[in-house]
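*Asks:* Put the complex together from the two separate chains, hints included.
Line by line, the protein sequences are chains C and U.
The first sequence begins at 1 in the numbering used here and counts up by one.
The second sequence begins at 1 in the numbering used here and counts up by one.
Calculated directly from the structure, the hints in this document are not laboratory data.
Incorrect hints may have been included.
[As the list claims (entries may be wrong)] Below, computed lysine to aspartate or glutamate pairings styled on EDC-like, alpha-carbon distance capped at 20 Å:
(1) C/Lys5 / U/Glu417
(2) U/Lys416 / C/Glu113
(3) C/Lys5 / U/Glu75
(4) U/Lys329 / C/Glu113
(5) U/Lys416 / C/Glu232
(6) C/Lys243 / C/Glu194
(7) U/Lys416 / C/Glu116
(8) U/Lys329 / C/Glu232
(9) U/Lys329 / C/Asp273
(10) U/Lys366 / U/Glu75
(11) U/Lys493 / C/Glu232
Remember, predicted model here, so these are calculated numbers, not experimental data.
Okay, here's what each chain looks like letter by letter:
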Amino acid sequence: MSNEKQISLDVVVIGGGPAGISACLELSRLSNLRIGLFDRESELGGMPRSCHIYFGMRDRKRIYRGQTYARKLDKLIRKTSVKIYTEATVLNISAAGNKGLHRIDVASPNGFESYESRFVLLASGCFESSRGARMIPGERCSGVFTTGALQQMVNLRHQKPGKRALIIGSEIVALSCAMTLKRAGMDIMGLIEEDHNLQSYSSVAKTMSLFYRFPIYRGATVRSILGRERVEGVELVRESDQKVFRLQCDTLVITGRFRPDSGLIDGTLIERDPLTLGPVVDDSLETSVSNIFAAGNVLRGANMHDLCALEGKQAAQEILRRSKGYVCSEDMSVVFRAEAPIRYIVPQKIVIGNTKSHRFKRLCSIYSMQVEHTVKNPTIKALCDDKTIWTKSFSKLVGRTRKRLPIKNFDWKKIEKGKEVVLSLRN
Amino acid sequence: MGKILETEVLIIGGGIIGASVARELQKYKIDVALVEKSPNLCSATSKGSHSMIYWGAEMAFSLVLKSIMAPPGTELYDPEFPFLKLAKKGFDLTDNLFHELDIIHSHPSIIIIARDKEELEMLRKLEEISNDLTDKMGGGKVQMIDKKALNEMEPNVTGHAIAALLDESNLIEVFAPDYVFALVENAKDNGCKVSMNTEVKKISRKNGVYTVETNRGTIETEFIINAGGKYADYVADMAGARDDWGLAFNKTQMMVLDKRLKGLVNSVIMGAPGPGVFDFLLPLHTGNLYVGCGTYEPVEDRDDAATVRENFDYAIEHARALVPAVSEKDVITSFYGTRYWNTRDPESHIIEVSKGAPNFINLVIKLPGFSPAPAIARSVVNLLSDQGLQLTEKSYFNPIRKRIPRFGMLSNEEKKELIAQDSRYGNIICFCETVTEGEIIEAIKRGATTIQAVKYMTRAGMGRCQRNFCGPRVVEILARELNMPVNEIVYEKPASKDILF
Ligand SMILES: Cc1cc2nc3c(=O)[nH]c(=O)nc-3n(C[C@H](O)[C@H](O)[C@H](O)COP(=O)(O)OP(=O)(O)OC[C@H]3O[C@@H](n4cnc5c(N)ncnc54)[C@H](O)[C@@H]3O)c2cc1C
Ligand SMILES: Cc1cc2nc3c(=O)[nH]c(=O)nc-3n(C[C@H](O)[C@H](O)[C@H](O)COP(=O)(O)OP(=O)(O)OC[C@H]3O[C@@H](n4cnc5c(N)ncnc54)[C@H](O)[C@@H]3O)c2cc1C
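Chain U with its partners taken away, still in its complex shape (with noise of 0.2 Å):
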């Protein structure tokens, strides 16, 4: 297969890591290009991610489970701690970018709960921690309420909560979709190529230039950034750039409930952590309610995803000792998200200039992956600037993005001059979550080629029918749009071919 491009800097994965490296490179004189392996963004770790942006007490939350799950005596707390700085910077800067890029996220609250003595000592651990990490590094203080205060802002939380936490200040809330997608266009518009179901195979260097093989051609670099995410194992043995680390995995599964709970709670409510334990209710900017109760299992297959039935009991039950009002009758879908770690030094990022390969960055990051990003970003900047890149700053870099008009969401005066606009934006194709024909085929010209890539994009299927009335009519519109056969739109990944989604 015969060369498809030349670059400067060549961008393998487009999960969130990936897709913050791309928007964040475009502000400077230099060439680069992003590939993705799935037909969509954001489909390996980072779709099935709470995707919750957080410092304060969420943050406290994870390294309390963390040292709970640790052989006993083991306090993961430490201030020094690099990704704590990172997290901090990124969370920090993620307001203004949302506002640039016009991704649409709330700021909840975070509730957790003690139920009882014991559950009170954590959340005495939990604020303290917190209240360190801010004193230190700057963000909201947390305080402690009791059962009155928590029943006022609150009145749907379990009766058996005797006090809780409360941080109203440390969480931003985003659909990882919205997120990714929102960093590639605007990649896109500054200049950044971006190729799809292009997978990556083998890495070879002569000269001092790289060549990628990919299934669709070959690719020239110079630099390369390992953004591969949960296989960023693989592609940094391709280069021979995995110096001394491997991969670690676990998972959960998760549920989302319907939007006709809309203000049930809305702040996002946690159980004290407790071994293996990770509880929590999330009000979504969408009405509908994420519930995050599910266990860590372990991983034997990184690609296995399959839903596990004994899992629905547990986070029914396990949500309605945080709510009770939350009933099985709610839940409109469910899924798996598998999480990835280094295991050279788990409790680290690795960012770094490959040993064994030159000019061959791996970012394998730990979690939270999402609060970090625009400063892991950054950093991958001073990375590429220490190797000897010549950065110099784009006066035309254009930070601002528009999102797909959101129908749904606007004023009845807004609804009318749209349509008015463009006929196809009174033309409603998903009836639960009110998404036109119009906003459908924006998506399509912004380079949405599946079922699933319009789902994330307009969040027609996404509602209580999940695609039984939209589904076909979507498929239809893809077909005409994109000039193709019905029976070649795929709901995923690319499916044999005389079968539909």
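Bound-form chain C, shown alone (with noise of 0.2 Å):
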């Protein structure tokens, strides 16, 4: 493997949605490093260029359509002198000799190339769950899709999938769901939510269930899915009563339940977290791994997109930092866990100890959690060592919605190096 060519670069940032491309931006902008910028797929833009709410309100100071969206930030990245490589998915992250450097292989039908690089940053995205791996029992009928899938089919293929639709779930993706649904020309049968509250904010989801007239079944359980051959509906269990009832439907679309898609980490030394299954990181959005960073929905799942494009830019500035000299000095290190029904806390760990620097404000502000499922009035409690360091009431949660954790106003002076903070919920 020693003697194969590796094409040398500065930083190699994997995935060309709003992560990657404001990194990119960010990179070019300030500094002269020599960026390459890798995408799998045939445009650059990421998700946006199939899902279509309004984008670029808090990045973009405007607001797009998705794929307006996508191709203002294509059109951007192209005037700048970062190397864009479309079509090349990356196969493998790994060490490149033992100079600290990073080694990425890529396919694209151009050919299989190596790069060797000092700084990787991983802004891969995520996808929904799949009825699989929700294990949504039933018949193993054609017809079961995911948003990510559907809207390919319909905003990138121009396909209809068929005419009556089924959503499953509540968080904000389902209702990008039934834009596209509608978009499609097809008819919604109704949206079913397990739990009793909605994943989202109930105004807008109930607001479009009025606009659009379908039905929203709320603490209500899939039992079955029907159709040997193709779906032809699903059998619902009433929570509340354990009543059985059967809802009919040609299309069925699970939304929700992102996951990152971090299979590029699977065998690495990069340590993935198991709350999220994406990569843990520190406030700099450092990985494990000394100079790989990750940023945008690779972290937890899916988030709004601005956010993303700004998670983007603060790894840009923090590989900046570190290119121009400056040595991450661990003088703090303290861990964060979640624990249930909180899903997780990302960043997980914070390195950075002058709690009074603005650079700590300023990386403060990135760390979030979210909620499992919807929760009224409940209380969070921040622990380090059976100390209280921060406790605060909210009148509700929004399951699976992302909430910023305020972590600057978290009782420093009661943490101590090196331990863990723990998170908890009571309601």
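*Replies:* Here it is as structure tokens:
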């Protein structure tokens, strides 16, 4: 392997979605580093290319349709000196020699190449858990999709997957799904949520259900998917009285429960968080392997694209600092741990020691958490060695929706270096 | 409908048994055809099978388990059982066959653990039977190992294990469709006619020739081999060939876990047999972990494969009792397998010429069916010859088949070369399993017409996202290559028209 030729770069960015492109824009604006941006698709833009809720609010301060936003990012990045590789799938990340460099192997119709670089940014996005992963029982029939597959079919390939669809799940992406179904000229037969509360802002969901005229079934679990060949409907159990009833459809869209597209860290030294299934990162968005960073949805599943873009930018700034010789000194190294029903805390670590600095205040803003399902009147408590270091009550936390975690309000005096901070919820 | 084919031997059914027979018969100068009612090979029992090719400890396990479940006092171990001899013969033929057909497989060890005294007793019994089998018929010995040795071999196995039985040499792991597709590909290369989507509906006989009616036209044949598997009774009835047997069934739900667990265990980890309990975790050559922790459920409708929620919890709980690090977060898919066997003599295969219908051979195979398959195919040759079919060996039989390149498994140099030869091998379609457009096109060339066949032949869509990314792309490639509209491409069975998948 040692005598193979590798193309040399300073920064490799894997994934040309909002996170990866924003990182490249920032890096090229502020440095002369040799940057390579890799995406397996034939166009840049990432997930926004196929979804169409409005984009660009926080990062570009304007509102675009998904595809327009993707094109905008594409146009901006092509004006820079960043080397762009599309239809280029990164197959693996490994160590190149012993100089601390990283190596990626890339396949594309133009050939197979290896690249060597000091920094790597992983911005490979996420996808929705499949029916199999969610263990939804029933017949193994066709006509069952995720929103991601549906949007790819409808918005990129102009196919019509069926006529009458049922939506499972009520996270925000379910609403994006409803819009796509309507756009494809399909009828929406209903939206099913197993929890009693909707997992998104209920006013938006309710408005949409009125506007598109579909019923919402809450507190109902799919007991079985029906149909030997094509899906014909589902059998639901209502949690409150265990009553079983059936709904008909020819298409079933399973939405939400995102998980990071983090296959590239399989079998590497990059530590994986068993809760998010993405890489563990610290306040610089650096993974457990030095100079490999991660940003965007690969960290924890779907978030709004503009936050992903801002994360990409933040990772870029950290890479720049590092390239200018700043060495990360772990003077704190506290690990955060989430207890159910809190689903995760990302970043999972903090290493920066000076809690008075500007930098600390700025980095604090990237910490967030999510609860498994919607909880009313919860109190969240952060403990370190049985000492309460922060507590806060909320009127409601919406399930599977990002909530900023204001760690700068934590009582840092009580936190000792090398300790674990445990976040738990009571209601 | 008109006549579509005349042949000497017609095999009905493209499961492991039909496929094995089809390939074996290519060694002789006779005309052979195989018909399969579904659009894919390996679509019935063989699809939902653990498909382990076994002898030794696992065979002992299955005998003991059945004895436990039979009325008290029943011992189902008799080294004279013909099915045992066939299983051993088949097992011995398999490695070479896999080599000829270039089938990816592995040879994991089996470790059966005991968590208490009673289970330890079970292991002793398994040890005794297994070693008796191998003493009498050949094969590697099994041995008991203590907790320390177990921990060294498999540190992630439950701490409750007090001892284990180790079998290092009597198991071959293979992905069932890989095996069945390879057999049929090789049979086709040697002249076998194969027709998919062809369901036998009626059989009649006149002047020593069978007329077989299918949905695509009639086939005339001298000999019929009924390899209809879990539908063998229906097929036999069409020719009045069912003699005095019927079919019985049971089913089990299984799941497959994410390949990020690769290396968690390197051997098959099994629990000791208990009443109706057959728990094991099988590390697949793909890196995934296969959870075979399910109960034996009765079957009302043999085509009912709808999974059930309670079974998920059961499987996870039982899997954790073997390897605690297993979690439901890693489940990627689950499905049912339906076993069939004959009611006349449940402890035997039926491999015989029907009394009711001349030149009609019934193959009603009990468990295990994969282990003896190559040997069963040889038995069929003998039966045909006994019936007076002239069997002259072909000097030009080609036993070799090359598999579709697996891009993801190649070295960097090989990857580079393959893309340089054909740029479509640089277009990755399935990201989770690293499957390229080149591989998918090759699968279509070799006969894939459905999404499932592409999946079985290339692994596209079998990874952790389960077709979220590649599903629509595979449909597009199929439509383009087959020159069909996208909305006519189906997943497995034909669906109504204006609908995809
Ligand atoms: C189904 C779905 C619907 C959504 N709907 C909305 C919505 O309506 N509104 C909204 O605001 N947000 C929506 N989102 C979220 C939004 O799309 C994301 O927040 C945003 O795109 C995240 O940006 P990212 O850069 O992290 O990842 P992505 O946009 O997913 O980009 C990741 C990129 O990495 C590439 N990649 C991955 N692995 C490799 C590899 N090995 N080699 C090369 N390239 C690779 C991919 O091709 C992709 O282009 C949706 C997300 C999904 C999944
Ligand atoms: C859960 C489970 C686990 C198992 N584990 C193992 C194991 O570990 N090792 C092992 O060796 N065995 C195992 N077995 C048993 C093994 O799978 C079977 O013995 C074997 O698959 C039987 O194959 P077959 O070809 O006889 O039947 P099938 O696979 O059922 O094939 C019959 C074929 O005939 C076709 N057909 C039927 N009727 C018609 C018609 N009228 N016209 C045209 N085509 C027709 C069907 O479509 C089907 O494709 C297991 C089985 C199950 C269910």
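*Asks:* Next, verify each hint and record whether it holds.
*Replies:* To see whether the hints hold, each was checked on the structure:
1. C/Lys5 / U/Glu417: This hinted pair holds, its Cα atoms lying about 15 Å apart.
2. U/Lys416 / C/Glu113: holds (8 Å)
3. C/Lys5 / U/Glu75: violated (65 Å)
4. U/Lys329 / C/Glu113: It is violated: about 34 Å lies between the C-alpha atoms, which goes past 20 Å.
5. U/Lys416 / C/Glu232: Between U/Lys416 and C/Glu232 the Cα gap is close to 46 Å, so the pair fails against 20 Å, i.e. violated.
6. C/Lys243 / C/Glu194: Judged against 20 Å, a Cα distance of about 14 Å means the pair holds.
7. U/Lys416 / C/Glu116: holds (17 Å)
8. U/Lys329 / C/Glu232: violated (28 Å)
9. U/Lys329 / C/Asp273: holds (12 Å)
10. U/Lys366 / U/Glu75: Given pair U/Lys366, U/Glu75 holds - Cα atoms ~18 Å apart, limit 20 Å.
11. U/Lys493 / C/Glu232: holds (14 Å)
When held up to the earlier numbered hints, the structure conflicts with 3, 4, 5, 8 and fits the remainder.
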